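Peer 1: If you're matching them up, the sequences are chains A and B in order. Using UniProt numbering, you'd call the opening residue of the first sequence number 1 and step up by one each time. Using UniProt numbering, you'd call the opening residue of the second sequence number 1 and step up by one each time.
Hints were generated in silico from the structure; no laboratory data involved. It should be emphasised that the depicted structure is a prediction, and the values quoted were computed from it without experimental measurement. In this text, a Cβ means the ideal position worked out from N, Cα and C, and glycines have one as well. Among the hints, a few may not be true.
[Unchecked claim] Some but not every residue of chain B turned toward chain A, in silico, with C-beta under 10 Å: (1) Leu58; (2) Val99; (3) Trp152; (4) Arg153.
[Unchecked claim] Quick list of simulated restraints, FRET-style, between CB atoms: (5) B/Gln260 <-> A/Glu329: 47 to 55 Å; (6) A/Pro341 <-> B/Asp344: 45 to 53 Å; (7) B/Pro521 <-> A/Lys500: 26 to 34 Å; (8) B/Gln116 <-> A/Glu329: 34 to 42 Å; (9) A/Gly465 <-> B/Glu139: 27 to 35 Å; (10) A/Pro341 <-> B/Glu139: 23 to 31 Å; (11) B/Lys230 <-> A/Lys263: 31 to 39 Å; (12) A/Glu470 <-> B/Ala460: 43 to 51 Å; (13) B/Leu292 <-> A/Glu344: 51 to 59 Å; (14) B/Gly375 <-> A/Glu367: 31 to 39 Å; (15) A/Gly64 <-> B/Glu384: 26 to 34 Å; (16) B/Pro521 <-> A/Asp158: 15 to 23 Å.
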Amino acid sequence: MSAVYTTDEYGRPFIIVREQDKKARTTGIEATKAHIMAAKTVANIVRTSLGPRGLDKILISPDGDITISNDGATIMSQMAIENQIGRLLVELSKSQDDEIGDGTTGIVVLAGALLEEAEELLDRGIHPIRISDGFEQACKLAVAHLDKVSDVIPWSKDNTSDLFKCAKTSLGSKIVNKCHDQFAQIAVDAILAVADLERKDVDFELIKMEGKVGGELADTELVRGVIIDKDFSHPQMPKEVKDAKIAILTCPFEPPKPKTKHKLDITSVKEFEELQKFERDAFEGMVRRVKECGANIVACQWGFDDEANSLLLQHKLPAIRWVGGPEVELLAIATNGRIVPRFEDLSSEKLGYAGTIREVTYGTTNESMIVVEDCANSKAVTVFVRGGNKMIVDEAKRSLHDAMCVVRNLIVDNRVVYGGAAAEISCSIAVDKAADQVSSIEQYAMRSFARALDAIPMALAENSGLPPIETLSFVKSQQIKQGITSLGVDCMDTGIHDMKEQFVFDPLISKRQQFLLATQLVKMILKIDDVIVHRADEE
Amino acid sequence: MSAQLFNEGATQERAENARLSNIIGAIAVGDLVKSTLGPKGMDKILQSTSGRGGDDGLVVTNDGATILKSIPLDNAAAKVLVNISKVQDDEVGDGTTSVCVLAAEILRQAEQLLDQRIHPQTIIDGFRLATASARAALEQAAVSHVDDEKQWREDLLSIARTTLSSKVLAADKHQFAEMCVDAVLRLKGSTNLDRIQIIKKAGGKVSDSYLSDGFILNKKIGVNQPRVLKGARVLVANTPMDTDKVKVFGAKVKVSDPAQLAEIERAEREKMRAKVQKIAALGINVFVNRQLIYNWPEQLFADAGIMAIEHADFDGIERLALVTGGEIASSFDAPDLIKLGACDTVEEVIIGEDRMVKFGGVAAGQACTVVLRSGTNQMLDEAERSIHDALAVLSQVVGEPRIVYGGGCSEMLMSNAVDEAAKTVPGKRSIAMEAFARALRQMPTILADNAGLDSADLVAKLRAAHYEGRQTAGLDLFAGDVVDVAGRVTESFKLKRQVLLSASEAAEMILRVDDIIRCAPRQRRN
């Protein structure tokens, strides 16, 4: 490594970077190549997860907990990557996840492929900045082309079959494709239940996912209401309440507790007795207030004193305690109730309404959950995921979330492109063609971009056990010959290459985001020519 | 050249290596518990180095879930198997060994297919088809006798015997089967096993165990209070009976001279006396409290002729409230709102050398108590686990009354159905289906092996019997022959279905993996 120092006018060296021996430094092309190597390694890990026949990864956390997943963002974030460039890719997949929710694997594979192509260009002596300029131009072209090949899919509240097909595409690569139709339907129904069609917005806060091991994946269901992982506070309260008027409280059934620091001294018997009376009255007052406003069930964010609990039972008020913050909000939304922070504020119009509230018990361990159904406001829904083991339940939840995101994206923007890498191949052809008209060095970079796009269909074919090069060249030639842009890789070996017929759709915004984000990241990596790493102290 | 991506200490296994390590891990776990399967299965001793568990960390058990829970495993696939066994335990209560063994056998078959270079997803496709046809066959074979009361009870007894026969209680399985069925039928469809209490007392013989229709509380009656009561009216409470604290936050007694202190103390005592009087005024003669009762209120209760029992644990009072039909009360100001419990007799009974309180002739007869006796603690613990398994299975059968036949009969039935279905499936998937059928056939093979019989011969005979259309043929592991097991070895349909589904789900999950990334273990500070 070249030492970073300079000399003064007497020829004595002085050090610019302090404690140089403790730092590792790479510069120039060497740095860029090291980055590309790292990015390629990361991309290679998730590459095999791509597509309907992609495989899963086991991730073992530092504490020995196991996650089995096919979701790019989950795999990336749990890998605990230390390398700086690797971390950038983790961020990349995370931002795709936050923004779009799906396509988190594809984006990493694309970024990896772009960098691989860039490496070749670097070897030819092309300056990194020229490469990134070329990529930029190519990306613009590809995105414009995506718009061209996209189709608008019609959907309405009654005609959801196309949304359903898109959800299926997203679920195809996950383990839940065992119950493919069912999960896709759940995703579509859940989103449509909560979607605000006028504003074209979907509030994910209204969809809750509860998982419980046991049963099988096919037992998963969509509950039009709320599920709370709690039970009634007193074992002898009735297990089912019909026509429930629910009081939602965020104050504990306990003696008042002022927030300011205080001290209450008892100095005489009279005071002692008064205090006891006050305490008794406080409890009774609380229960009376709840009863008076007409509520027949109480949900409370806090705990109950034993005495209050017993009083509630005596007054035939079933109660749920320690309901978590998000659940309280969800409950309030679902039942159209108001969250009441003080007993004094309770009134009948602040109560929520639900058709039934019941406690459901599972298995042999006496675990139970409270199901709130037929709510006043049908907007809040809960997906109740079942599965044979913990890992599968977790993975099913992640997969459903992805599928819901896809449906959400279509509600926001109902343009789709065709899956099975048809869109990538079509863009690759378009970019390649356009490159011929560019007279500068960027032409090379643009051709490389087209080749990088080909990496996606290659990976798909490879994962599906098809010969990658043969498949790609066949599909490409067919696209050009027949002029149909919806031809793609036939992963499931059905003999049909037209993705329009196979109903493999991806939302346009998802694909566009993939192209844009991946190109942006690659440009950023190409621009770095110097890395200074602080070595950990040797202690 | 590859770049250093992960932290130091992190490892990555890819493709073949990852698959191999998963399958080997799963098979190892399967082999570990395999020998406990069936009526002639063997037990395992688990010795914990830290001295946890039983008396000296020694556990003797036959229960798959217990064995797997106790072994710290480091293999990811093995952990998946442990998890399905735990889920099986929570969901159905038994079949914890079977589910692991079946999953391991499926993976063992899958390994051979992978060696033939078949894509894991193709294998999975085949397995899914196989699971579906096995499930259909199982559902078709399931019968329900819930309408015929006599036959229904016979079924339950048979299921209990099947479950118990692989456990330590096998010798007395008829007696225990009766006990378990009686206990579960009392629940009237509820799956809340908390209502069945199991009391373990070392000493005596296993066959001295009995089912008590009343409720036994492992507590002593207060001093100077009646030992036997007829026509008891019981108040079940959860309230402080030491000193009634002022719960208003921050309250604190502050006095300036001893006279005042004495007065406060008197006021406290008066408050307690008032509380006791309020309780006594309810007209009760038995008072059971979850919390402590101090000597002073205890004496007051004795004066009032009330039997006071302190410090009953939470489960205890819940069960007691349930059986006596009372409510658990914590406030006593509104006497008309408190529901009292009732029972015919409350008496002190002696089990072994311990005195306990028995509530006999209770109003709601849902709860009951199983008293287990045995020579050693390990035996008692294992007996409790066995009883729990049997109760859990039975309570689930009450909810889902369909039954299937055991002794390898159902497995052979499913295996044949899968084999038949495989013939109609074109392509490589049919090879996977055949492999699945082979895995199912491994179950009777293991049963026979564990019994020391000629498994190859027996299983072939069994298979032939099924092909002849004798759909209820199974293995009699005591006679070592193929017999008609209908009515002899019965198992819960729900249990078998769950074993099939969980095992294939887990196998699928493990097969789908082609990469294992293990983060650097967290550094522990010593």
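Peer 1: State for each hint whether it applies.
Peer 2: Hint check:
{"no.": "1", "hint": "Leu58", "result": "violated (26 Å)"}
{"no.": "2", "hint": "Val99", "result": "holds (9 Å)"}
{"no.": "3", "hint": "Trp152", "result": "violated (21 Å)"}
{"no.": "4", "hint": "Arg153", "result": "violated (21 Å)"}
{"no.": "5", "hint": "B/Gln260 <-> A/Glu329: 47 to 55 Å", "result": "holds (50 Å)"}
{"no.": "6", "hint": "A/Pro341 <-> B/Asp344: 45 to 53 Å", "result": "holds (50 Å)"}
{"no.": "7", "hint": "B/Pro521 <-> A/Lys500: 26 to 34 Å", "result": "violated (50 Å)"}
{"no.": "8", "hint": "B/Gln116 <-> A/Glu329: 34 to 42 Å", "result": "violated (54 Å)"}
{"no.": "9", "hint": "A/Gly465 <-> B/Glu139: 27 to 35 Å", "result": "holds (33 Å)"}
{"no.": "10", "hint": "A/Pro341 <-> B/Glu139: 23 to 31 Å", "result": "violated (53 Å)"}
{"no.": "11", "hint": "B/Lys230 <-> A/Lys263: 31 to 39 Å", "result": "violated (53 Å)"}
{"no.": "12", "hint": "A/Glu470 <-> B/Ala460: 43 to 51 Å", "result": "holds (46 Å)"}
{"no.": "13", "hint": "B/Leu292 <-> A/Glu344: 51 to 59 Å", "result": "violated (36 Å)"}
{"no.": "14", "hint": "B/Gly375 <-> A/Glu367: 31 to 39 Å", "result": "holds (35 Å)"}
{"no.": "15", "hint": "A/Gly64 <-> B/Glu384: 26 to 34 Å", "result": "holds (30 Å)"}
{"no.": "16", "hint": "B/Pro521 <-> A/Asp158: 15 to 23 Å", "result": "violated (54 Å)"}
Of the numbered hints listed earlier, those contradicted by the structure are 1, 3, 4, 7, 8, 10, 11, 13 and 16.
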